[in-house]
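Residue numbers (my numbering), protein chains in the order written: chain W, 1 to 488; chain E, 1 to 488; chain C, 1 to 435; chain A, 1 to 435.
Hints should not be assumed to be uniformly reliable.
Unchecked claim - No more than 30 Å apart at the CA atoms, straight line, and that leaves these computed lysine-lysine pairs for BS3-like: (1) E:Lys450 with W:Lys66; (2) E:Lys450 with W:Lys450; (3) W:Lys328 with W:Lys166.
What the hints assert, rightly or not - Take a look, some chain A residues computed to stay more than 10 Å from chain E by CB distance: (4) Thr9; (5) Pro83; (6) Arg87; (7) Asn211; (8) Thr290; (9) Arg310; (10) Leu367; (11) Gly371; (12) Arg421.
Claimed, not checked - One-sided excerpt, in silico: chain W residues whose CB lies under 8 Å from chain C: (13) Ser19; (14) Pro28; (15) Pro229; (16) Arg230.
Think of the hints as simulated: they come from the structure by calculation, not from any bench.
Backbone N, C-alpha and C fix where the C-beta goes; we use that ideal spot for every residue, glycine too.
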Amino acid sequence: MTDTTPTQPNRPTLMDLDSPGARGTTLPELDVPASDLPDDGLLRGDLDIPEIGELGLVRYFTGLSKLNFGIDTGFYPLGSCTMKYNPKWHEEVARLPGFANIHPLQSPESAQGALAIMYGLQDLLAEITGARAVSLAPLAGAHGEMAGLLMIRAYHEEHGEGETRKKVLIPDTAHGTNAASAKMCGYEVVTAPSDPHGNLDVEALKELAGPETAGLMLTLPSTLGLFNPRILDICNAIHDAGALVYGDGANLNAILGRVRFGDLGFDVVHSNLHKTFSTPHGGGGPGAGPVCAADSLADYLPAPVVYRDDSGSGPQYRLGRPAKSIGKISAFHCNFGVVLRAYAYIRLLGARGMRDISENAVLNANYLSTRLQEDYLLPHKRTCMHEAVFSASRQKALGVRALDISKRLMDYGFHPPTMYFPQVVPEALMIEPTECESKRTIDAFVDAMKAIARESETDPDLVNTAPHTTPVSRLDEAQAARHPDLHW
Amino acid sequence: MTDTTPTQPNRPTLMDLDSPGARGTTLPELDVPASDLPDDGLLRGDLDIPEIGELGLVRYFTGLSKLNFGIDTGFYPLGSCTMKYNPKWHEEVARLPGFANIHPLQSPESAQGALAIMYGLQDLLAEITGARAVSLAPLAGAHGEMAGLLMIRAYHEEHGEGETRKKVLIPDTAHGTNAASAKMCGYEVVTAPSDPHGNLDVEALKELAGPETAGLMLTLPSTLGLFNPRILDICNAIHDAGALVYGDGANLNAILGRVRFGDLGFDVVHSNLHKTFSTPHGGGGPGAGPVCAADSLADYLPAPVVYRDDSGSGPQYRLGRPAKSIGKISAFHCNFGVVLRAYAYIRLLGARGMRDISENAVLNANYLSTRLQEDYLLPHKRTCMHEAVFSASRQKALGVRALDISKRLMDYGFHPPTMYFPQVVPEALMIEPTECESKRTIDAFVDAMKAIARESETDPDLVNTAPHTTPVSRLDEAQAARHPDLHW
Amino acid sequence: MSSPYISNTDADRQAMLEATGVASAADLFFEIPESHRDPDLDLPAPLSEFELIRELRELSLQNASLDDYACFLGAGSYNHYIPSVVRHVTGRSEFYTSYTPYQAEISQGTLQTTYDFQSMVCHLTGMDVANAGMYDGSTALAEAALMACRLTRRSNVVVLDTVSPIYRDVIAHYMRPQGIGMSVLSPDSLAVTDADACVIAQYPDFYGRINSLSSCADAAHEAKALLVVSADPVALAMFKSPGDYGADIVVGEGQTIGSPTTFGGPYVGLFAAKTRHLRQMPGRIVGKTTDDQGREGYVLTLQTREQHIRRQTATSNICTSEALVALASTAYLTAVGPQGLAHVARLCYHKAHYAASQIAELPGYSLPLEGPFFREFVVQCPRPPSEINAALLDSQIIGGLNISDSIPNGMLLCTTETNTRDQIDRLVDALKDLA
Amino acid sequence: MSSPYISNTDADRQAMLEATGVASAADLFFEIPESHRDPDLDLPAPLSEFELIRELRELSLQNASLDDYACFLGAGSYNHYIPSVVRHVTGRSEFYTSYTPYQAEISQGTLQTTYDFQSMVCHLTGMDVANAGMYDGSTALAEAALMACRLTRRSNVVVLDTVSPIYRDVIAHYMRPQGIGMSVLSPDSLAVTDADACVIAQYPDFYGRINSLSSCADAAHEAKALLVVSADPVALAMFKSPGDYGADIVVGEGQTIGSPTTFGGPYVGLFAAKTRHLRQMPGRIVGKTTDDQGREGYVLTLQTREQHIRRQTATSNICTSEALVALASTAYLTAVGPQGLAHVARLCYHKAHYAASQIAELPGYSLPLEGPFFREFVVQCPRPPSEINAALLDSQIIGGLNISDSIPNGMLLCTTETNTRDQIDRLVDALKDLA
Ligand SMILES: Cc1ncc(COP(=O)(O)O)c(C=O)c1O
Ligand SMILES: Cc1ncc(COP(=O)(O)O)c(C=O)c1O
């Protein structure tokens, strides 16, 4: 076979398309008298960004979009990320002028519809997580972690233990943001180990918890996709030590309508709306990480919280600040566009819909896990929740790493799972199918994984040099880090 | 190189995705008492269309969209089709509830905004084409041709010549719809020949025109992309014979703001809004083919025409019917969504913008033509208008046809030109760059064409088996026609 | 500075002029008669996108939108709910910025979805073959009549008087130039002769009634004429298909399945027929085939019926049609699925019957017609419908079609699943006040 | 029947249960303590898409939209015109339905556009390197302060009192837990010591004024502290960049270039710095490199700064950020281009000055501050701004921010290119009536 593809030059950068004088849109002309400009010394010279006609712009970005793999492209079993379908009607609603074009500082009277939605979502999340009160302020999961820890901190300060309780316990399976958030909040991180079943080791935890402990950050179900059956003991142990329990709710999808953080004794939990509640990830945000607090911490929630007043003729909503609030953690109220979508999602599905999600998410994961165990090592052989963490250690022995398997999956048309996380599992492949995928899709994925397991035996090189069908193959990351080329 | 692409099964059809019980959207429940159903004998049994979840639906159609080449994908020099950029804001405006969700039969008082736009476009088109009056009724170019011919027919009937004038003259270069429309209007088609320069042969035309002639259908500039310098003689000759001149305005883009059909003596002309006025082609429609009439035919325009009444406090618009109207040619008023976009387009650009279009369209075509003449035969060596019609006859001698060159262009990332039309040019390649494309793009296209010319000499097989980079290669059309498989 | 829709810069233009050997762009137009060259176009001054969106938005607010008004108007254009996914699909610019799929290798998106469209139309109508769509339901019907004439080599068509008067008007304008006659008959006194090419029925009929097509089919077929039916696709989810009754050609308005009313267009005509009539069908047809490597793919097929090959002997002059609207229908039918479409049909049915029964009880109002109906029904009003509609409009209600010309003080009312019970109750209350 | 967002059918579920060897799905949750398993969730009954769109649309109409109201409110969120192409770009579902681009081979779209974003931020701010964006302008500023502390190993920050009070509040909440002090000083009495990590300035300042940053830079640099600037990107098309003045870290709010005000979020924080500070930057960074065939491509780089690798020693806890909003900025800047952005800036400037000069002439109103300003200015009103704003709202005008706490009866007014002359004249007339 001769090479029939004409050699393609490198994709042009945006700067390559620069056409001085071209313009990508029209703008209105000045319709008021011009004033004098300030002193020349204040004024800018050139601004070196490209000039491109509208068609060139559209082609450039449309073309690049096609180089991206999204949920709408295919199966996206990225563990811990809950890549579920993003309903299209949410996008339309978010573009309504009465939502998109309202100013954060306009008076509450002129934004009652927006406030009603914020209030509504606070309410829904409180019910779903079993919380006393909710603030939508955090702009992502990690931001929610920070908010939650600042609440815990304020609580201990209030109780005169601000200076003594300086440590936060974090399981060895935890997401990196947990530890980083603790550090941002001025805490020292103490790692709590897992037991051989993949559970947080309760006895070890009891050892670690003490008068210096501010709190425990616990992901439930854990990042191994496992539900800790001793969760009540854990919360008790922490509370007995005078500390508080922070819940990382990134994996809430697994237990929607099955159990509530608040009922289990968590003091505060954040929820990732861009995971559990289907708001689009956007290639890395926006997200939202509302914090949901139990009685213990409700007064410390970040501002704003929306309150409802029924004393008048109809309900009136206003932005307020809880009594002992940790204050504002960003300029305005919340990622309203994200809040709106999550609200829409929950309202469409209702309570029954919440349970359907967890049922299908968990069933999908267990089915996938069952089918894959023949070919891949499952370190923790248990019923899993929404995701299953495999290890590519068998393949590693053949010279094929988790990374290689991941890259080869691309050739089969799938997005790879999360790799090398949690770090406690060597060669981890963390697979989360979500409730949105059908058995048909999961079967196709399992078939591909099995084929790759075969290839790893018969033709490891094929796997190790994958992907072969993508616009670029493996990129030189070392070069990128050693000689940073960060802009045109 | 081993084959590294896992074998892909055939793309699933929609029916392959059938998952009984799945549903692709939510619908409201019944909120009124149910009534008795009619007799069972009237009721339907099964309906055999697929059931698919919403994510499956989105992936299916999104995936298929990527198999399509659109203007947003790349250069689309499809001659006679004027594939220009479709401004994005038009799509947003067309979705405004006050435009998308209005009923054609609601009262004019409740649709003044829509009627104002229709009136506005009638006005703009009258000015641009030099017409007395305009009807937006025709739903595509061919529908406009039919309307125009029916007007000519009604005119002759009114003048007592309906029975005698039964022939329509159509140049040998004309688009197929011209002849087909004539037939639909009960006319006999008489072909008028071109002269060696590619112009309609005026002397021959004079011979053909006579008392049996109802009219001439003339495309200006012609489908060879040429402007007939004797256009005034032609119109006079036809009028002298007592017949009328129909203008096919599909190529209006070339002469926007340069000359007007009405001024040249055309009695009626249709304009393809989906060409000249940038409304999206939609993969084969919708379009719109408004007819613009001179004094001679204004009274015969199809209904409706929008009229404006300034007798009240503000302007009032109403739908009306010209005195001798040929009547309605479709159920409602017009392809309003298309009309709206065309209106928006002209309003943004203004008179200066119209001239910019023709200037750039014609300059682009002449530049392209100049550069390509080294390698491809240009049968009519003249200044062209918006498009240049080449012949692949040199390549044909090497065993490479226009079809093969077209297919090979796909490998270079371009949409092929129109092929084998007009029929008077053997191995025709009809190239229309439009005003939207930059010199940079045209250069890249010319380079590709030159490379293919090279390949035709050195490796004709490579060209003859192209395309090599598309999701499917050449499809068996004979099989499709012999054993029609037209649905699942 | 030129428009954002032109990509050339001044430098580009200069370089191209030089390469072309022309001094100025104006010189390229030298063949235009000088006497008429370069007219001054008197067009409004150009505006920016921002200004025009603002202006057009204001114009849009001058229209009574069905989002704000309760609409009980149908008569060929119906306000059904369109799921958002449909707009996602038609909003993919690879679909809407492409031309007719002449180049199959890079048009599989349009081609495969058109094949899906044809398939769905076949199943809905109960026919063997369908095309890629016509301009709208009325022109589809007119073309079906022409096709029947070609197939039977006869030159008269019988149109039932229960066919929409709007559609009858369009048929007449398509028949006359080809010298084809048209008789309008009542279904009760249907007489078909061997001069008649076809009988044309509407299903449900213009007044919303749903009746068996058996007698029409028998009358047509006994005279070796064809039965041509204009059918509503939503009704077909609930009622027997025209194919079940032996129809030969079935057309319909595709707006009702997935496209907004948008002041009358773009819509799409559905067109289906028996296999034996295939080669006389107008319009584009997509077929499935294989490529030289055996992979399945889709192409435009049977093109020898069409104008670009056959010119004056083509089966129609249609070229650009309504592909994007057909795509919307395909996406809509996929979204709602067979159960969903049947559900929509039932909602229409029950709401219409609820509304009709409430209105029938109002003093002064009655239902003059008998028999089962779908989502439309005729009400005889105590006052001219024009007056009633004017008053309703003030209450944010768009009333039914005034059909006083065929039924005294008659109004044709319509309900769909978008009419909430509250809207219907508001209508009934308002009508009561107007008695 | 389950939701449309679940693709499994009952048969699928049954087959999966069997394969998994579990009797019922409920059994999968056996590890949840029974005492708390399966709570009854008291949520509103589910509704269909149609019903919810209707309900939400009604809620949206309860908000005074800037499409309907003339808005003179800014203070960190600005109503600029966003060309439609921007929404086309962000509406491509491959962009908005993808995750953070960890898998570079199938994420070149997000990666390359992020590289473009970084490039534009560098050029606008006059800095060497930029990241992929932060949550918003305020958290970007707070993180810049933390970064300055890490770089200088100092633990106090000086914030000018002309920095937005909202931003100052956020900075304070980020400093306190790490034991970092914060002094708020006037630019006129700026004293920087060697305990101070940085001086934080806003440009234009909170009151809309545009001043040279030279003296701040000098004061900071003399104390070996850093200059951190929060700059408005639209202003940067017209005025010298912070880089020109020697700033070390420059942040900004990206909402103003391409995203709607949308009640405060999602926005995006711009973040740029000198090259030597690169390894202390928070957030994601995209770099250009080549693949094993020499083709150019883009990857996330310098990830050893980040939480997923470094955990508690990372430069920040940020993970999910605001990629789609950054994409909107990139598309916006491409659409308007350098000339267009400068044009927008000039429109803002001239309109603000026109409005200010008109208002200054009204009896009772005055401009208490001096010096050049950009698109915002302070007006001293004859009555409490709260009263004035309430009255303006009735005339479909959203007035300026009430800043009575810092300037008696002070109102911070803002104009952008979206404020037509007519709107400004209406404002002036209304203010006159309220004197
Ligand atoms: C378990 C877990 N915790 C926390 C986070 C952080 O959330 P975000 O990325 O929204 O900051 C993530 C997401 O990546 C996660 O998976
Ligand atoms: C020259 C010419 N005339 C007429 C037509 C027919 O227009 P339409 O396809 O809109 O019916 C076309 C378009 O293909 C054309 O190019």
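So, against the hints stated earlier in the document, which numbers end up violated here? 2, 4, 5, 6, 15 and 16
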